[in-house]
Amino acid sequence: MTKETDDPRREFLLTALSLGLFAGANLASLFQAGHARGDIPDKLPPGRSIYRLQGEVTVDGKPADINTSIGPGSIVKTGRNSQVIFVVASDAFILRSNSEIQMKTDAGLIIDSMRLLSGRLLSVFGRREKPHTITTSTATIGIRGTGIYVEAEADRSYVCTCYGQTRIVASADPAIGRDVISKHHDQPLYVLPSAANGELIVAAPFINHTDTELALIEELVGRTTPFAFSGGGYEVPRRRSY
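In our numbering, the protein residues as written are 1 to 242.
FYI, nobody ran anything at the bench for these hints, they're computed from the structure. All values reported here derive from a predicted model rather than from experimental measurement. All residues carry an ideal CB built from backbone N, CA and C; glycine is no exception. There are no misleading hints in this set.
As a list, the in silico SDA-like pairs of lysine to any residue whose alpha-carbon atoms are at most 20 Å apart: (1) K130 to S182; (2) K43 to G222; (3) K62 to E100; (4) K130 to Q165; (5) K43 to D65; (6) K62 to K104; (7) K130 to G164.
Derived CB-CB ranges, DEER-like: (8) F206 to P63: 33 to 41 Å; (9) K62 to I176: 36 to 44 Å; (10) D179 to S69: 34 to 42 Å; (11) R48 to D173: 37 to 45 Å; (12) D179 to D60: 33 to 41 Å; (13) R144 to S118: 23 to 31 Å; (14) S69 to N197: 42 to 50 Å; (15) D155 to D60: 25 to 33 Å; (16) D173 to K130: 23 to 31 Å; (17) P46 to K130: 20 to 28 Å; (18) S69 to G126: 15 to 23 Å.
All chains, please: the whole structure from these sequences, using the hints.
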């Protein structure tokens, strides 16, 4: 990505972030601090994992700072009023407060599976040869190159396939699943631990995440969202840049 200010998509991203036009004041404060130093969103340099962190963040059980390395087998945890924005290979994430994610790898280079033990995670993933998974207590989500937002609660999981394709399976009955192909948050779902009115997977509203946040973390891995910025809004969907 270029840093030129005549890119309308990038200009809108910078303006929206600096004004806090997305979910969560913490992300606004994180961005504003970086913007004041001229550290605007761009692809992270090789060897750097964390774009921003605030509050109590641990990686593999140790307190994290901006120089902490996060790998495809790491455990990342946030405390109250805390969050971290980070990159692993071609994947990027916003892990919100009171959240814990365990990542696993077989090859050692990319994430093969993730378990969201608690909290909320916004993710964008690069293309893979085979699907990988995010699991919660109530769901298993098979994904490829996808933007996805997941909340893990005690009594249900929330899954929004922001764009791309997923296979969402209920842990209570692996025979119950839903294939989702989404262009723009088309089919948010709750996955329940027990059937409600005979269903384990039910429709949900669009909540707690924004396109601006997706644009930010795609920037960090050198990609763009499938949505073209045009002033204060979006144009028709376009091909995602990998």
